[in-house]
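Visitor: Kindly produce the complete structure, drawing on both the sequences and the hints.
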Amino acid sequence: MSAAELLRLEEITKRFGTTPVLRGVSLSVNAGEFITLLGGSGCGKTTTLRIIAGLEKADSGRVFIAGEEVTHKPPNERNIPMVFQNYALFPHMNVGENIGYSLKLKKRPKKEIRKAVGEALALVRLSGYEHRRPSELSGGQKQRVAMARAIAGRPQAMLLDEPLGALDLQLRREMQLELKRLQEQLGITFIYITHDQEEALTMSDRIAVMREGLFEQLGSASEIYDRPRTAFVARFVGNANILSGAVVDRKPLPEGGECIVFQHPAGRERLLCPAGASCAKAGPSYEQGQKITLAVRSEYMELSPAGKDSSGEDRGLAATVTGKSFAGGQLRITALLKGGGEVTASRHGIDSPLKIGQAVRVSWKCESHAVPVED
Amino acid sequence: MESRKSAKKAPQKDKPARNGKLTLCGTTFSVLPLYLFTLAFVLAPLIYMFVLSFMQRGGSWGVEMSLSFDNYLRITEPVYLGTFTESIKLALLCTLFVALLGYPFGYFMARLSPLWRQRVMLLLIVPFWTSSLMRLYGWIIFFRANGTLDHALMGIGLTQGPLRLLYSYPAVVTGMVYALLPFMAYSVYASAEKLDRSLVEASRNLGASALRAFFSVSFPLTMPGLFSGIVLTFIPSMGLFFIADILGGSKVVLVGNLIQEQLMRAHDWPFAAALSVCLMALTSIFLFLYSRLTRALGSGGELEGLV
Chain A
1 MSAAELLRLE EITKRFGTTP VLRGVSLSVN AGEFITLLGG SGCGKTTTLR
51 IIAGLEKADS GRVFIAGEEV THKPPNERNI PMVFQNYALF PHMNVGENIG
101 YSLKLKKRPK KEIRKAVGEA LALVRLSGYE HRRPSELSGG QKQRVAMARA
151 IAGRPQAMLL DEPLGALDLQ LRREMQLELK RLQEQLGITF IYITHDQEEA
201 LTMSDRIAVM REGLFEQLGS ASEIYDRPRT AFVARFVGNA NILSGAVVDR
251 KPLPEGGECI VFQHPAGRER LLCPAGASCA KAGPSYEQGQ KITLAVRSEY
301 MELSPAGKDS SGEDRGLAAT VTGKSFAGGQ LRITALLKGG GEVTASRHGI
351 DSPLKIGQAV RVSWKCESHA VPVED
Chain B
376 MESRKSAKKA PQKDKPARNG KLTLCGTTFS VLPLYLFTLA FVLAPLIYMF
426 VLSFMQRGGS WGVEMSLSFD NYLRITEPVY LGTFTESIKL ALLCTLFVAL
476 LGYPFGYFMA RLSPLWRQRV MLLLIVPFWT SSLMRLYGWI IFFRANGTLD
526 HALMGIGLTQ GPLRLLYSYP AVVTGMVYAL LPFMAYSVYA SAEKLDRSLV
576 EASRNLGASA LRAFFSVSFP LTMPGLFSGI VLTFIPSMGL FFIADILGGS
626 KVVLVGNLIQ EQLMRAHDWP FAAALSVCLM ALTSIFLFLY SRLTRALGSG
676 GELEGLV
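Protein chains in written order, with this note's numbering: chain A, 1 to 375; chain B, 376 to 682.
Do not rely on the hints blindly, as some may be mistaken.
Said to hold, decoys possible - Among chain B residues calculated to face chain A with C-beta under 7 Å, some are:
1) 510
2) 573
3) 574
4) 580
For the record, the hints were derived by calculation from the structure and aren't laboratory data.
Being a predicted model, the structure only gives us computed values, none of them experimental.
Ideal Cβ positions, reconstructed from N, Cα and C, are used throughout, including at glycine.
Guide: What follows is the structure, given as structure tokens:
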């Protein structure tokens with residue numbers, strides 16, 4: 001175990017009745033790290049967090065906090081505060097009492113508690129709110145108080161269960177930055193849960209993409225985004241288009257790696273795998289005729305009018321434009337591939353010369369923008 | 376169909392003002408029966424009773440129309456005042472026992488799985504399907520000399536001969552606690568069921584032991600249920616005369632018994648009315664104090680499941 005390791009999960013499994021929720025989750029988190037468990041509902045991310053907190057018992061596997069096994073310890077002996085999704089502020093206590101709750105349990109002197117409460121409130125920029133009732137606060141303020149309550153005891157690590165889930169988009173963006181600032185300022189390890197991939201990418205040092213009780217991929221934000229290991233990760237993090245086809249030709253590149261020609265029912269396109277790139281296989285290279293699945297992000301997708309490209313080559317996948325929509329500052333064009341399957345391309349701008357119903361050629365801007373993934 | 380519907384709706388939409396008036400009128404008419412009912416069966420009898428309490432008993436039967444405070448002065452006689460204090464004492468004792476038994480009952484009922492919760496609730500309701508008088512006779516069989524309890528106690532060798540358990544103070548308390556327990560259990564349940572489990576989890580997460588979490592979070596937040604249970608127990612236990620009658624014989628005399636006696640045996644209706652007015656005043660004072668207390672404790676002075 002490394003000296004900086006703060007939390008370790010070993011092969012955690014959990015069933016609710018006959019439904020497996022976690023199927024062997026292992027994780028090691030370093031001190032000061034911001035790690036996000038990302039996944040859709042029912043993937044087991046909240047259960048993982050609750051097992052760390054001790055609010056749920058794992059069926060098998062072990063939990064270590066700061067090098068000490070806590071698998072069978074009650075939640076109150078773990079000192080790893082959690083920020084609940086609904087904030088779980090005590091309605092019968094005022095803000096100050098809420099924040100000072102953990103310190104009062106530790107029987108700290110009143111003066112010290114008052115000081116710690118003041119500091120925690122200052123950190124979340126709510127100074128002077130000690131005597132408010134939780135019911136008098138807005139959603140964003142409640143969120144801050146919940147943060148302050150977790151921070152007050154100066155823990156080494158904190159668990160956050162979709163803490164921004166109930167806030168509106170703009171406030172969520174603000175709070176994302178604020179949380180990140182707090183985490184860096186205090187050097188607390190954050191174990192964060194979200195189903196929002198953008199949030200995960202913005203804030204985390206590392207992201208664990210969860211699916212059906214397992215970690216699908218664990219890596220840094222850029223690894224997850226640029227080099228998704230599976231089709232699920234590619235789709236979940238950044239709405240990638242998934243294309244299945246086969247390798248029909250491959251040529252070694254002069255500088256190493258190879259150039260693959262990808263055959264899809266709707267056409268063929270090249271794919272560049274320079275040496276050292278994620279798509280370049282560590283082992284033997286792709287075989288002729290091998291089935292392959294590609295992930296191409298919508299912003300890398302290019303749609304151009306059907307026909308030969310500028311160099312007179314017949315390439316790209318044949319498709320028909322089916323829709324255009326403008327959302328979030330981006331124009332999204334959907335096209336139906338010949339032989340079935342839909343692709344989405346997004347670009348900046350309000351409109352595109354392409355018309356609905358027009359036949360187009362689908363390709364990717366740069367040959368290395370298509371990433372082979374596991375299905 | 377669609378077009379016909381919208382055609383029908385359209386003219387109504389054009390006259391929102393008239394619409395509003397119609398609804399107001401409708402509301403008045405729809406609550407009118409309720410007003411009439413309340414007037415006829417609640418307010419009128421109360422006024423009748425109040426007026427009656429200032430009159431005098433007429434000979435061997437009926438009422439004499441001479442207004443005076445005599446009945447109220449009579450209540451201050453030590454015999455009657457004593458009955459009032461006895462009643463309050465018994466009511467407090469019953470309420471204490473009911474709270475001690477009913478709170479955990481209601482609290483844990485709320486934590487059962489939905490299936491078991493339904494079963495337990497059914498068990499609580501089933502006794503209400505038979506007359507409460509019948510159930511009290513059941514207690515007589517249990518308590519009487521050589522009854523179930525006596526047999527059991529003699530069986531395990533705790534006592535030699537039959538005890539005089541029936542017609543005693545403990546028998547009355549037992550009967551009252553038995554009769555009022557469901558009300559406490561239910562009102563605590565109503566509170567406990569609304570208790571957000573994540574609050575308890577948060578408290579445990581912040582370092583509270585299970586016991587500490589209960590006393591610092593669960594208990595304060597279920598207090599409204601406990602309080603309304605106390606009201607639901609305390610007020611009836613001042614007046615449940617038939618329990619004192621059946622299980623206490625003539626040994627335990629409550630205000631309720633006194634009223635019944637004056638009404639049925641002594642035929643002194645005005646005095647019975649005066650006693651009733653005093654009982655009502657007393658319970659009103661308790662209700663007022665209760666709402667003051669709960670407001671001071673910050674639970675909004677609301678009676679859980681009552682108001």
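Visitor: Take the shortest C-beta to C-beta distance between residue 573/B and chain A; is it under 7 Å?
Guide: Check passed: Cβ of residue 573/B comes within 4 Å of chain A, closer than 7 Å.
Visitor: Identify whether the interface hint at residue 574/B stands, where standing means a beta carbon of chain A within less than 7 Å of its own.
Guide: Hint holds; residue 574/B Cβ to chain A Cβ min 5 Å, cut 7 Å.
Visitor: Using the nearest Cβ pair, does residue 580/B come within less than 7 Å of chain A?
Guide: Holds, about 5 Å.
Visitor: Going by Cβ atoms only, is residue 510/B closer than 7 Å to chain A?
Guide: Residue 510/B check fails; min Cβ-Cβ to chain A is 38 Å, beyond 7 Å.
Hint check: a violation occurs at hint 1 only; the rest are consistent with the structure.
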